[in-house]
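Residue numbers (my numbering), protein chains in the order written: chain A, 1 to 314; chain B, 1 to 242.
Rather than coming from a laboratory, the hints here were simulated on the basis of the structure. Note that beta-carbon positions come from the ideal geometry of N, C-alpha and C, so glycine has one too. Some hints here could point you the wrong way.
Computed from the model, here is a short list of chain B residues facing chain A with C-beta under 8 Å [to be verified]:
1. 7
2. 88
3. 193
Rough simulated footprint, nothing fancy, chain B against chain A, three-plus residues with beta-carbon under 8 Å [as the list claims (entries may be wrong)]:
4. 10 to 20
5. 100 to 110
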Amino acid sequence: MSLTVQHLTKVYNQQKAVSDISFHVKAGEIVGFLGPNGAGKSTTMKIATTSVPPTQGTVLIADLDVTEHPMKVKQITGYLPEHNPLYTDMYVHEYLQFVGGLYGLQGKALTLRTREMIERCGLMREQHKKIEMLSKGYRQRVGLAQALIHDPKVLILDEPTSGLDPNQLVEIRKLIKDISVDKTVIFSTHIMQEVQALCDRVVVINKGEIVADDSLKNLMNKKEGTKSIVVEFEQPVSLEDLRSLKGIKVVEALDETRYKIDAEGPADVRPEIFRFAAEKNISLVGLKVEETSLENIFRELTESIEHETKRHNQ
Amino acid sequence: MIQVLTKEISGFLNSLIAYIVIGVFLTTIGLLMWVFPDTSVLEYGYADMDTLFSLAPYVYIFLIPAITMRSFAEEKRAGTLELLLTKPLSDWDIILGKYLASFFLVIFSILPTMVYYFSIYSLGSPAGNIDTSGVIGSYIGLILLGGVFCSVGILASSLTSNQIVAFIVGAFLCFLLFTGFEALSSINVWLSQALLIKQLGILYHYEAMGKGLIDSRNLVYFLSVAFIFILITKLVTGSRSW
Chain A
1 MSLTVQHLTK VYNQQKAVSD ISFHVKAGEI VGFLGPNGAG KSTTMKIATT
51 SVPPTQGTVL IADLDVTEHP MKVKQITGYL PEHNPLYTDM YVHEYLQFVG
101 GLYGLQGKAL TLRTREMIER CGLMREQHKK IEMLSKGYRQ RVGLAQALIH
151 DPKVLILDEP TSGLDPNQLV EIRKLIKDIS VDKTVIFSTH IMQEVQALCD
201 RVVVINKGEI VADDSLKNLM NKKEGTKSIV VEFEQPVSLE DLRSLKGIKV
251 VEALDETRYK IDAEGPADVR PEIFRFAAEK NISLVGLKVE ETSLENIFRE
301 LTESIEHETK RHNQ
Chain B
1 MIQVLTKEIS GFLNSLIAYI VIGVFLTTIG LLMWVFPDTS VLEYGYADMD
51 TLFSLAPYVY IFLIPAITMR SFAEEKRAGT LELLLTKPLS DWDIILGKYL
101 ASFFLVIFSI LPTMVYYFSI YSLGSPAGNI DTSGVIGSYI GLILLGGVFC
151 SVGILASSLT SNQIVAFIVG AFLCFLLFTG FEALSSINVW LSQALLIKQL
201 GILYHYEAMG KGLIDSRNLV YFLSVAFIFI LITKLVTGSR SW
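So that you can see chain A by itself, here it is in the shape it has in the complex (with noise of 0.2 Å):
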């Protein structure tokens, strides 16, 4: 089942949260809805999952519109809100069994439902415990369970994995890969790798508005000619000897023996850096190509605007 966002804009006390923003994520698909903090996501999210309505456009999850069909909106979907709000003094169990019985489950189908997702989401050893006593990575796997007691077709996860350690992120982004196998998912996140490790089409909005809606690997490509070098001597050299060399745009002193090379066009200048230092007699240390970061595209996408309203404000 499809999920459709039409020119959807929303207004908060006359502050603009989202601007005009449209974007569809087909059946079957996992979506990154990226962007830094403020920039509107959990807004989009919380006007799909029906929770603060629209004040223009609006959101189709399978051909249904949010604001007219809520109640269908709501059986259909799975939702892990921000800052995964749970029932801190119910049990694992009776909690997922409480939200089961809200979507309808009963009975033998409750319990199996039940007992199914405390399995998947490897809440085996933690069900008879009060969710207060669980840890972060545990609350979250609670919080999925929840969304998906009822077999959602579409998952919306604002930010699942924000504040866990390193590993509970690696479990939760490999929970969340498993479970989305027959789903349409779409998930917020401000991290870049997040969308690398778990699906590739990613839609970046700041203030707003969206900036960018495309493949990781096109992003990627787009953004390839600035690659940059990291070069380590084993002695200090003059910054103007290396300016000189052909086919080199800027140089920047990282600290005493390391430098940062911007190449001029995309050819590699690392033959040229080496028959340098040969020249000079200078042993070169290290040598690394710096790729386009995801970091830095993420960067440059969200602060593009700034920028340009800024120049614009002048």
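With chain A's structure known, arrange chain B on it following the hints.
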């Protein structure tokens, strides 16, 4: 609605709230009724339960807002209300579930006092010399009063995410409804309107029921006041989509 109701009730039972509420209510009323000489039935000399029925509302003014204060306020603060609102539940399901859970708890705190009736019944001289119909009317009145207080408390809780604010607002509104109008009507400026103002308050109708006459006007009063407060709660909860 049933799911919310059972969850709330098991929440009361698991978090000791239920035991504390019932325990405090029964201890207070028990002491006033049988031990403290100023209000004790044994000292009073008349076989009736006026002590219970005239003092219980004042205990409830504090106790019921304490039961209801967490219902919405805590869920708002913890963010779990958002979770509930994204489940296939209508606002009515959530509100009525929470309302009925508190109401049941109040009824459970009243039930054990029926023992008092049998005590006084047999202590009377001659035994059985008690106004049974008055007691029945008073019980119905007290239960309905609990229902109204619960709806007031639920409303107060839905207005804020701070439990203390919810408690104070709830207790104040209960107090105002119970004796406020009565006191207001005794100010000597209303002339012929005084009775009307008196009838807006709970006390007038509560006392009327205590006489053992179950008048449909009093019933309608209690039910409609409770309904109005629940309706306002619904509006407040629904206001997120305005």
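Checked hints:
1. 7: For residue 7/B, the interface hint holds, since the closest Cβ of chain A sits about 5 Å away, which is under 8 Å.
2. 88: 4 Å, holds
3. 193: 42 Å, violated
4. 10 to 20: Since three or more residues must qualify, the claim that chain B covers the segment 10 to 20 of chain A is violated, with 0 doing so at under 8 Å.
5. 100 to 110: holds (count 4)
In this structure, the earlier hints numbered 3, 4 are contradicted, and the remaining ones agree with it.
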